[in-house]
Amino acid sequence: MRGRKGRLLNDEILRVEGLRKEFPGVVALDGVDFTLRAGEVHVLLGENGAGKSTLIKMLSGAYHPDGGRILVDGAPTEIRTASDAQRLGIATIYQEFNLVPQLTVGENLALGRPPRRFGFVDTGRMHEQAGELLRRVGVDVDPRTPVARLGIARMQMVEIAKALGLNARVLIMDEPTAVLTTTEVERLFGIVRQLRDQGVAIVFITHHLEEIPQIGDRVTVLRDGSSVAEVPATTPENELVRLMVGRPIDQQYPREPAAPGGPLLQVRGLRREGEFTDVSFEVRAGEVVGLAGLVGAGRTEVARSIFGADAYDSGEVLVNGRPLARGDVHAAMEAGLGLVPEDRKGQGLVLGADVGENLGLVTLRRASRGGFVDRQGQRRAAAEVARQLGVRMSGLGQEVRTLSGGNQQKIVIGKWLLAKASVLILDEPTRGVDVGAKVEIYQLINSLTASGHAVLMISSDLPEILGMSDRVLVMARGRLVGELAAGEATQDSVMALAVTEVEDARVH
Amino acid sequence: MLVSTNVLQRKPPGRKSPAATWLGENGALVALVVLAVALSLLSGDFLTVTNLLNVGVQAAVTAILAFGATFVIITGGIDLSVGSVAALSAIVLAWTATDAGLPWPLATVIALGVGLACGLVNAALIAYGKLPPFIATLAMLGVARGLALVISQGSPIAMPEAVSHLGDTIGDYLPVPVVVMLIMGLITAVILSRTYTGRAMYAIGGNEEAARLSGINVNRQKLITYALAGLFAAVAGIVLASRLASAQPQAAAGYELDAIAAVVIGGASLSGGKGRAFGTFVGALILAVLRNGLNLLSVSAFWQQVVIGVVIALAVLLDTLRRRGTN
Amino acid sequence: MLVSTNVLQRKPPGRKSPAATWLGENGALVALVVLAVALSLLSGDFLTVTNLLNVGVQAAVTAILAFGATFVIITGGIDLSVGSVAALSAIVLAWTATDAGLPWPLATVIALGVGLACGLVNAALIAYGKLPPFIATLAMLGVARGLALVISQGSPIAMPEAVSHLGDTIGDYLPVPVVVMLIMGLITAVILSRTYTGRAMYAIGGNEEAARLSGINVNRQKLITYALAGLFAAVAGIVLASRLASAQPQAAAGYELDAIAAVVIGGASLSGGKGRAFGTFVGALILAVLRNGLNLLSVSAFWQQVVIGVVIALAVLLDTLRRRGTN
Amino acid sequence: GSGSSSEGSGAAAGDIKLGMSVSTLNNPYFVQLRKGAEDEAKKQGVALTVTDAQNDASQQVNQIQNFASQSMKAIIINPVDSDAAGPAVKAAERSKIPVIAVDRVVNGATVAQTVASDNVAGGKLAAQELAKQMGEKGKVAVLQGVPGTSASRDRGQGFTEGIKAYPDIQVVAQQPADFDRTKGLDVMTNLVQSNPGITGVFAENDEMALGAIKALGAKAGKEVKIVGFDGTPDGLKAIEAGTLNASIAQQPQLLGQQAVQGAVKAAKGEKIEATVAVPVKAVNKDNVAEFAGS
Ligand SMILES: Nc1ncnc2c1ncn2[C@@H]1O[C@H](COP(=O)(O)OP(=O)(O)OP(=O)(O)O)[C@@H](O)[C@H]1O
Ligand SMILES: Nc1ncnc2c1ncn2[C@@H]1O[C@H](COP(=O)(O)OP(=O)(O)OP(=O)(O)O)[C@@H](O)[C@H]1O
Ligand SMILES: O[C@@H]1[C@H](O)[C@H](O)CO[C@H]1O
Ligand SMILES: [Mg+2]
Ligand SMILES: [Mg+2]
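Protein chains in written order, with this note's numbering: chain S, 1 to 508; chain R, 509 to 835; chain D, 836 to 1162; chain H, 1163 to 1456.
Derived from the structure by calculation, the hints contain no laboratory data.
Treat each hint with caution, since some may be false.
What the hints assert, rightly or not - In silico EDC-like links for lysine to aspartate or glutamate, alpha-carbon gap of 20 angstroms or less:
no. : chain 1 : residue 1 : chain 2 : residue 2
1   : S       : K57       : D       : D1007
2   : D       : K1109     : R       : E716
3   : S       : K345      : R       : E716
4   : S       : K345      : R       : E717
5   : S       : K57       : D       : E996
6   : H       : K1427     : H       : D1201
7   : S       : K345      : D       : E1043
8   : H       : K1381     : R       : D676
9   : H       : K1252     : D       : D1007
10  : H       : K1381     : R       : D680
11  : R       : K782      : S       : E334
12  : H       : K1345     : R       : D676
13  : H       : K1252     : D       : D1003
14  : R       : K638      : S       : D328
15  : H       : K1399     : R       : D607
16  : H       : K1399     : R       : E669
17  : S       : K345      : D       : E1044
18  : R       : K638      : S       : D310
19  : H       : K1252     : D       : E996
20  : H       : K1258     : D       : D1007
Stated by the list, open to error - Interface residues of chain R toward chain H, partial, derived using beta-carbon atoms under 7 angstroms:
no. : residue
21  : G662
22  : N725
23  : V726
24  : N800
25  : N803
Said to hold, decoys possible - Non-contacting residues of chain R with respect to chain D, defined by C-beta distances greater than 10 angstroms in every case (computed):
no. : residue
26  : V542
27  : G609
28  : A647
29  : L674
30  : D676
31  : T677
32  : I691
33  : S701
34  : T703
35  : L805
Think of the CB as a built atom: it goes at the ideal place given N, C-alpha and C, for glycine as much as any other residue.
Could you put together the complete structure from these sequences and hints?
So, in structure tokens, the structure goes:
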């Protein structure tokens, strides 16, 4: 169809038969079949916890199957370690970042296989090679920057560059677009198409259904740990949803605007040297305000500053008309602010604690009387939110670390939903969440605003911003560059604002 | 055949028996039981009431220190100063009660206050000065020990009679140190599992940033954490001095490693977020049983250190292997 | 517009002046300089060539142990056994050379092998037995010390003449321990910054899972790491015994805390992923200068401990405050 | 640090700086030794700096080096270990600074003077004293000092030799309690458990003996006879109270005093005796009054 010919293309590289994987308390995979050909993009689709990540982790040597087999080039193969996978030409971009924050971008790109000279690591060449890789994926970072200084979007791009550096013939990407904005997604797709045309086989996981026809060739659908269908990527969206969820979803963005009340959050002239300046806006009771922008526009920084997680240099924040102390999360919470951070692993979750503990964290203080915590009450409330969000878990006692990515995200949101903050700031709230659960989250947002609360929503998922916001603010290069009412906001109008200002700045 | 089918039967997920779950969480207990059984087989003297009470008494000081250390370790910190703080508190008690002539209840309160203060200084350095806990408490290790020596001028000071009873027995048998240990353990368990501060400690140790962004006042909770460790150290110091009827400036030197070992043997992780009072208690008992048992067996002093090392490693190994087996 | 765009330009990383960057990374050095200046003002004896060489000699053993500990700490581990391993290695050297009558070069090789072996046992327990490093090396602390006592039957053993020269000076002035320390430091720096193993250590300490998934054989690298620590401990032990011309079974007891302190003062983090040879060197010098200076100033023995504690806290505080100022 | 000996003869007492490195101050015995030294220094009007080597031979070497840097006129060393002190003393010798050894000897180097009590003899004396108290028969447990220290070795050796003279006395257990009172208590508790028939205890110092007394409770001094070593104030009190039967009294204050006297003379370049033997003496209920005052 796309003029891909030759023996190499369309050869079956990888085959998975009846794969099975059990964890204590959970059967994650129970009979998965899956084939992968050279020169195709094979999409894995399934609800949160369906077993997508578990499947690919067995291809990359991170986990070992309890049953079934894996064939590489037709031969049954055991992939015991990551280096086995590397030898077989399999490179993986995991859903959760696998970068070493203390090391530089360059070192991370060469992790485990640095260029050597006379037995010593050749740092010069290492950073040179890193520079090339970074140019290829189009991120403008100095390879000598420590990874800890990057935002998550850039980390994702570094992960992509790292996998590209392996020159693999099988490239597995677990939700690479979850944190990217349209621009980066386009760039990534360009790279993926190029690789595909060179005969690389690509496994692609995403919860953004609109991406499937753009990039995919075939789709394998997983449900409850089993493969239930293999369909072409051109299959209509609602059919894919039905295969995946078992029922159709009638409305993806069920926003029910409420009549806006008085301003609950007012931000005036907020500024932090080198990050953002002159940020002023307000959010009214009953409103959902979307905050759009490109990666690095500074949305996260603004949100964290408002919440007191970081300090700012000048300006002021008022909640319910009362000014808020700077850099004091505790005070912000007392005043009724809440923040769902974008980095769930680093800032959102206590990974080693269980679901119940995590869901109860924000309300811990409120649930205490005379220093003692009402743990039963806490558990009850946690069980209720977990049910509402459809968290797939073996129970409230499951360690959050062992939840699937999307289910972890539900926990981060869930603990703030319990807190009933009067102004809730959501930073990439539905990152990695499946279509069905997204609707549940939107419903909960609706009920918050209906009861007079307000929501500020940062998202790199433009359809989500457009679908759920009553007003859209656009940021670029650390400044607010425009505001669009729900009616006038479209993909194009938002992107135009997000990009022009950057061009402007470059001109000067 | 019974054997092989048993082996093949996969444990149905989530259907572990409560007993198995409980054991899984208390791996150190298995090690303790194995150790105790072995010792009772090897030495007829081990399993007598008197000896077991002796073990209790000998575990008491380490256990109390370790309870305090449990709070700190759960938050992901470490406290190297507990031994020195124990000595300083005891010296202050003895000195204020004898040389300064204060009534003993007041002296006791002052001594507890000293422990608390040392903990608060540790916490201030860590929370506000952003010192690594290792450094802050290492500094306090030196400072508290130095002050104990300065105040006592290097010589032991007799403990006031009234306080010394803490080293005696209630009735003919029940040693007070054992009672104090149990009470402190209970307090630790309640704080950890039931109070806001306790739950906050786990959150801070699990992910400090997430705890902060969830509205926990991390600095304040750290103050409480280290203050508790200091207070517990003071109690341990007073119990120790009462047993000897004299406060020694060099008492409890090096006990910090034992205390931390007890906590870790009890299942806590030095990277934070994990740990329980009961585990710590078992950890302290393992250390005490080991020392007591080797003495009963008249193992030569030099070999004792070797054997203790090997058994500690084996005890924890047993635990990790067993855990891997069930997972 | 120009202004605001300029303001908004994100600080490109690496555009701080090289001097500022270097200082920022070597905060402990500032503390060392401040300390040295203060001491030269307070005591005329401090800033003499002989005394500075003394400081070097007095830092040597701690520094060598600390270099070895640096590897371990960078991987996120801890090694409490280095002091005991140092003593054991020295005892083995002296014993094989005297009682067993082996030629001293062979005895030296065996002693180094003992250090290496202890490190490998630590590593095996940690990597394959999944013991927490604290427990594995605490066990080794006891075992190695016990073996040192068993072999020596508790008494010091004279070092062979030839090896004892390690404690002398080259020519009239240059002390051999200082030379050994510098060489070991250089080796550490090269391993850490230039070799595959060194870089792997940082990766493991920074994110062990990421390291594993990038194809690094984490277990093998841990073996190398702890083996290096053991080897360095053996070298430290031999240098120490040479200075005393006698191997002491109780030598270097408690030095593990000093070694770890030197590493942490030097800027490493006990949670792993950070640390440098030069920082560790400075950390060891700070400790040595402090002890030397307080002796020169005739500070009373009891107060010394207090002052050392306070100065360590201040030195690291200075560093963290300065760092907060620039960031 | 040279030339001190040449100008030594003319030096007034006020110019004399002395350094003293004590093995450990973790023991009242050495605190007393230091007191004796400091009192004598004050009396003579010389400056005395005392450092604590914390039982670490190499820290002691460092301290001796530092004394040399400070141009001390004479150095007093109370060795952590007799052998390990050798190189340090040699280094001081090279800087022409006279060294006085106190309480424990220095091997492998010549010192200007050794002021000490004989620990081997003390051990023997302890054996005799304990045997006498026990009526020359019964079972004995020994609490040993820090393994590897010369004090422990010598006393143990003296005691073993001394007790051989009493065929009806058996040593049934030996355990180190590191010269430490707390350890003395725990070790004794355990020993009694495994050896119920013990009627005699030799503790290699009073600190451990005091711990053992706590462990033995009412039996201390009565059914079980206890002999300690040092004659520290707490030890003498215990003898008065009848819980400790005897102690081999050293005279640490006298040791310290003699050491300073020797050091001052050496600093002035005067001739001094190679050894000053300070007698050890068995203290028991009968003669404790003579010691209590000192
Ligand atoms: N280490 C583990 N221990 C226990 N359960 C686990 C572990 N890893 C995964 N699971 C469980 O296996 C199931 C499948 O998880 P997986 O991560 O494969 O889902 P996924 O399809 O990738 O979901 P998502 O879209 O949310 O990323 C989940 O129920 C999860 O909780
Ligand atoms: N051009 C740049 N040069 C250097 N650092 C940058 C640049 N852009 C962003 N960063 C850094 O990366 C982080 C930004 O993270 P991220 O990529 O998630 O974007 P963001 O600022 O959170 O904005 P948004 O939420 O709008 O994407 C910030 O910490 C910032 O310091
Ligand atoms: O003589 C002393 C004392 O007896 C002390 O108790 C231990 O060390 C010895 O050198
Ligand atoms: Mg997943
Ligand atoms: Mg962002």
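How the hints compare with the structure:
1. For the proposed pair S:K57 and D:D1007, the alpha carbon gap of about 64 angstroms is over 20 angstroms, so the pair is violated.
2. Annotation: proposed proximity of D:K1109 to R:E716 holds, straight-line Cα distance about 19 angstroms (limit 20 angstroms).
3. Taken as a hint, the S:K345 and R:E716 pair is honoured in the structure, with Cα atoms around 12 angstroms apart against an allowance of 20 angstroms.
4. Distance hint between S:K345 and R:E717 is fulfilled; the C-alpha atoms sit about 10 angstroms from each other, no more than 20 angstroms.
5. Proximity of S:K57 to D:E996 is assessed by CA-CA distance (about 60 angstroms); at most 20 angstroms being required, the pair is judged violated.
6. For the proposed pair H:K1427 and H:D1201, the alpha carbon gap of about 16 angstroms is at most 20 angstroms, so the pair holds.
7. For the proposed pair S:K345 and D:E1043, the alpha carbon gap of about 15 angstroms is at most 20 angstroms, so the pair holds.
8. Using a Cα cut-off of 20 angstroms, the hinted pair H:K1381 and R:D676 holds, with the two alpha carbons roughly 15 angstroms apart.
9. As the CA atoms of H:K1252 and D:D1007 are separated by approximately 15 angstroms, the hinted pair is consistent with the 20 angstroms bound.
10. A C-alpha spacing of about 15 angstroms is found between H:K1381 and R:D680, which places the hinted pair at or below 20 angstroms, so the restraint holds.
11. With a C-alpha separation of about 29 angstroms, the suggested pair R:K782 and S:E334 falls outside the 20 angstroms cut-off, and the hint is violated.
12. Proposed proximity of H:K1345 and R:D676 is supported: the alpha carbons are some 17 angstroms apart, at most 20 angstroms.
13. Taken as a hint, the H:K1252 and D:D1003 pair is honoured in the structure, with Cα atoms around 11 angstroms apart against an allowance of 20 angstroms.
14. Our distance criterion of 20 angstroms between C-alpha atoms is met by R:K638 and S:D328, whose separation comes to about 17 angstroms.
15. Between H:K1399 and R:D607 the CA atoms are separated by roughly 18 angstroms; this keeps the pair inside 20 angstroms, and the hint holds.
16. Of the supplied pair hints, the one linking H:K1399 and R:E669 holds, its CA atoms being roughly 16 angstroms apart against a limit of 20 angstroms.
17. Taken as a hint, the S:K345 and D:E1044 pair is honoured in the structure, with Cα atoms around 14 angstroms apart against an allowance of 20 angstroms.
18. The suggested pairing of R:K638 with S:D310 holds, with an alpha-carbon distance near 17 angstroms, which does not exceed 20 angstroms.
19. Proximity of H:K1252 to D:E996 is assessed by CA-CA distance (about 15 angstroms); at most 20 angstroms being required, the pair is judged to hold.
20. Between H:K1258 and D:D1007 the alpha-carbon distance is near 16 angstroms, which keeps this suggested pair within the 20 angstroms criterion.
21. About 4 angstroms separates the beta-carbon of R:G662 from the nearest beta-carbon of chain H, less than 7 angstroms, and the hint is met.
22. Checking R:N725 against chain H by beta carbon gives a least distance of about 39 angstroms; that is not within 7 angstroms, so the hint is violated.
23. The restraint placing R:V726 at the interface with chain H is violated, with a minimum CB-CB distance near 37 angstroms, outside the 7 angstroms limit.
24. Because the closest C-beta pair between R:N800 and chain H is about 5 angstroms apart, less than 7 angstroms, the hint holds.
25. Proximity of R:N803 to chain H holds as hinted, the smallest CB-CB distance being about 4 angstroms (cut-off 7 angstroms).
26. With a least CB separation of 17 angstroms from chain D, R:V542 remains clear of the 10 angstroms interface cut-off, as annotated.
27. Annotated as non-interface, R:G609 keeps its C-beta farther than 10 angstroms from every C-beta of chain D; the closest such distance is 23 angstroms.
28. Against the 10 angstroms criterion, R:A647 falls within the reach of chain D, whose nearest CB is about 4 angstroms from its own CB.
29. With a cut of 10 angstroms on Cβ distances, R:L674 stays outside the contact zone with chain D, its closest approach being about 27 angstroms.
30. Residue-level check passed: R:D676 sits 32 angstroms from the nearest beta carbon of chain D, beyond 10 angstroms.
31. Once the 10 angstroms rule is applied to beta carbons, R:T677 is consistent with being away from chain D; the minimum gap is 32 angstroms.
32. Every Cβ of chain D is farther than 10 angstroms from the Cβ of R:I691; the closest lies at roughly 28 angstroms, confirming the non-interface assignment.
33. Every Cβ of chain D is farther than 10 angstroms from the Cβ of R:S701; the closest lies at roughly 23 angstroms, confirming the non-interface assignment.
34. Its beta-carbon lying about 27 angstroms from the closest one in chain D, R:T703 satisfies the requirement of being farther than 10 angstroms from that chain.
35. No beta-carbon of chain D is positioned within 10 angstroms of the beta-carbon of R:L805; the least distance is around 15 angstroms.
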